[in-house]
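Based on the hints, put chains X, P and B in the right spot on chain Y.
In case you want the letters, here they are:
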Amino acid sequence: MSTDPGIWLAAILTLCIFSFLYKDNPFYKFVEHLSVGVSAGYWLVIIIRQSLKQTFLDPLIQGQWQLVPGKLGIFLLIFPAFMGILLFTRFSNKWAYIARYPIAMLWGIGVGASIPLSLQNYIIRQLQATMVPITFNSWEDVGSLFIAIGVITGLVYFYFSKEHKGAFGGAAKVGIWILMIGFGSTFGFTVMARVSLLIGRVIFLMKDWLGIIS
Amino acid sequence: MLDGIKNLPIVFLLSIIIIFPIQAIAGEGQTKSKLPNLTIEKVMDTPNDHGRSITIIWKKPSFDSSFAIPTGYKILRADSLRSNFDSVEFVPIGKSKSFDIQNIEDGKTYYYRIGYANTEIISNIAGPVQAKGNWFHTGKTTTFVVTILFCALTLGILIFARRGGELYIRPISGINAIDDAIGRATEMGKPILFVPGLGAASDVATIAAFTILEHIAKITAEYKTRIIVPCYAPETMIVAQEVVRASYLDAGRPDLYNDKEIFFITQEQFPYTAAVNGIMLRDRPAANFFLGKFYAESLMLAETGFEAGAIQIAGTDEAIQIPFFVAACDYTLMGEELYAASAYLSKDPMKLATLKAEDWGKAGVIIFLIIGVVVASVFGSDFFIRLLDVNVM
Amino acid sequence: MKRELPIAITFICAFILTLQYFIPHRSFEIMYEISNIWIQIIGVFAMILGIISLIMLHWEKIKHKKENWGFSIVTLASLVGMSLVGLIASENSPVFEWLYNFILAPISATMFALLAFFIASAAYRAFRARTVVATILLLAAVIVMLGRVPIGSLISFGIFPKMAEILVNYPNVAAKRAIFMGVGLGAAATALKVMLGIERSYMGSD
Amino acid sequence: MGIFEKIIKLDRRIIFLVIFLSVIFPLIFKVNIPINITPEVRNVYNLIENLPEGSVIVVPCEYAPDTMAELEPMLYAVLRHCWEKNLRVVACGFYVTGVTLIEQEIKYMAKQMNKKYGKDYIFLGYRPYPAAVINSMGEDFRQSFPTDYYGTPLDSLPMMRGVKNFNDTKLVLTINATSGVDYWVLFGHERYGFPLAIGVTAVMAADYYHYLNSGQIVGIIGGLKGAAEYESLVHHKGLATMGMSIQSFVHLVIVLFIIIGNIAYFVIRKRKGINR
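Residue numbers (my numbering), protein chains in the order written: chain Y, 15 to 228; chain X, 101 to 493; chain P, 803 to 1008; chain B, 362 to 637.
One chain only, chain Y, in its complex shape (with noise of 0.2 Å):
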């Protein structure tokens, strides 16, 4: 058995979790709070210490800001302060739509590239990678020519316009039942990932904590 005080702490807080399985229970609810608050405080530091001193106030108390040197630099740095600042409008009845301004910086810049990426990394590069020579020279082709038919159907059931009639619908239907075989797969496939982490938090509590297996 384990002699190492934070081994036996994480070993009751893993019973504590597990204790969910049961039922909802005053040591779930005690961990559940316990680690918000320190994920929240964790994060708070973080951030803090990294977005707020490192890329805020050190080059702000320096006078110069390397991406950006001079004046136009410290400006350039204060004006999302700035900005972060107006987000607090928003306790006032009369000026809280000035806190859309940052809020729309946030969506501008969030969104910024994403045209450009989700075309070429959802559309071209898989139609790219579904644009297959199909010449029944090996059992590989009759898997590619179901890759493409899959995809086609499964586009046709995500076709808004028309309702899911006749041949269109049929094709709908294929699509509906090759997205199923694929999310039964994904789900099959996933449960070894998971038992593998069960079995980690089982050997961490029989190995590291009681010792009973070696």
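Among these hints, one or two may not hold up.
As the list claims (entries may be wrong) - Once the Cα atoms are required to be at most 20 Å apart in a straight line, the calculated EDC-like pairs of lysine to aspartate or glutamate come out as:
hint	chain 1	residue 1	chain 2	residue 2
1	Y	Lys108	X	Asp350
2	B	Lys531	B	Asp481
3	P	Lys865	X	Glu205
4	Y	Lys37	P	Glu869
5	Y	Lys108	X	Glu322
6	Y	Lys221	B	Asp481
7	Y	Lys43	X	Glu322
8	P	Lys868	Y	Glu177
9	Y	Lys176	X	Glu266
10	P	Lys868	X	Asp186
If you are wondering where the hints come from, they were derived from the structure by calculation, not from laboratory data.
Coordinates of chains X, P and B only, in the frame set by chain Y:
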């Protein structure tokens, strides 16, 4: 002596005559003479970069395997033909036959040679060359064209819709379930839980979730049903509060809006999940909405919600998580359906128009795919396949 | 100013970043880096709002002695404790790391491990051959599950692993690609809506 | 409520309990489910099995903690086999983040098997630029590794006497989670012609079968399953076999639950049909 192609054979002969005996004498352990010559094929400004880099390409030597192979190449540089060539980089021997030399001053002229490390064998002189930043990434041309096409298509349909053009969109399954679920919660006098996922506020899945939240909040304002929105990211909380507040205002019930029901929990996946599980088991919402970006916690939330007896409607564009929602929830908006549902619910002709553009896009993809496969299979041409080449490096 | 300015801000930011994707030049690269830092800095203030929200929520519970208010003390105390350790010492201090390694890490790992149980209960409940679609889902899942482990190979003379391989490599790939393509178009369209100010749910209608 | 109705509305905690037991049971009672041995793993085993006592084999290990769950049991099984056959092992690594981990693992296994450093095995440690290092090792190990990981000159280690380069070794078996595999094939096997076997993660295995088909490698040990196969070949069931047994149990239990649920569902549906 070196200023004419005519003299080259003489130089060559001379070098053989002079170098060979020297090599033979130097002999012992040194295998220089057995190393193939090095030739720089091309030296140029590194394409598609931000500048300050030069690319050097050489002919890959084939080594005689019975002799020691050098550990690497050295790259030599000079400011002018008259100055000395100094070694600036070491490239280990490997598969590569090109190298990007970084941290070069833009616009300054250089000449290059390469040689085997620890030997005297060096290549021809290549240059002059200057580094500079590029204004268009040629590897992304396809992406650029597709982006322009898609934007033009969407704008065209938007203009059509604005002029009052009719746009038909089929009913999307699971959409009616949203209103039914809210109705049921109201009847039971229980709250509604809306989880906007783990994405940032500007993730498209989260944005779609906000639009659906807008729809839901308008109904809950009308029915005076309590709505709980626990948030993973602080920005998501801020936007969700704005969305709900605006919806309550729209519905004429700003008095019912409660900021504290839309709250931040923590920005760590599993503590967040633990807390949302707690809400489901203690506040007992009658309807759970999981809309947005979800990862491994999807199944944990959906299973706990099921145990708590709630009607559950999920939607995510995260392909790996869809199966778990399908298994554990009553309705699942799969992938694009999430975006479509948000457009459909808003009944805004502008939003429906973009949905229409997506459909055109799909039709285009299908047609292009069929053409590409047929051309490649029947005519053996990979023209359409190459057309889709994207090189982001 | 109430509506037009936010829309203009969104458009300009998104447009520049879209252009940036195609322009490798250093000036645009710097703009991209600046935008990343801006997001971070605004994020600090958003985080402060978030923490205020968290504290208020639990403070109210404690003040009004709502159900389970005692646990709210746990949250607030651990939040304050963790923050103080991290801010007074540093994020690299041994105490801060110890708290992370022996509280947060095991809790997260165990929560994650609960999925092994939930995946079983969800499979039991959902995989019933009620309809054709449900049957397909069920069969695919069962075959892949059996194909992944030695015992599946043992009871089927190696047939399940082969079938599982085919399912994972073909229909699964087709399904993912169809979803990706739909998502790609949807995401691009949504981004365009945001840029053009069509999607602005956060602004309400005033 | 009949038995089938009860089954349909089964308390999920029963499922949880059964899952939990099927994890614990193989762990405590060391139940092992037989594993079918694939030819690509058996090839590796046979090659080592048939080496004369005292042969030197090179085991480059390139992985870090993130992939150790799969590759550590593999390394243990391989080392056990080598040392049971009294082979001498030259270990090294070209992946800097994993070096300390690998050093500990080898030391641990040597202790288990009662093997002496310098006599039965040595650890060369880390050098950058795999291609260049493999090249120089083809000439003389001492070119890149004049000393071992601990700073001892190679010549003062008894087992390295008379071992100059790959010509004096019988096999290279790399346990690898990186693209370093390619280097061993292209710069090692291709140039110096030694037999090469690889042990990789399950995800990577699929990408390397073409080397097997082209005869550039003699075998592949892939992922935890491959490690479990090797464990059963050396008749020492370890973590990999255990893990695969647990996985087998849990997967089987879930499938059985699904089957039972469906039987109950169909019985009830049929009954309802008759009543109507």
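Broken hints, by number: Structure breaks hints 3, 5, 6, 7, 8, 10.
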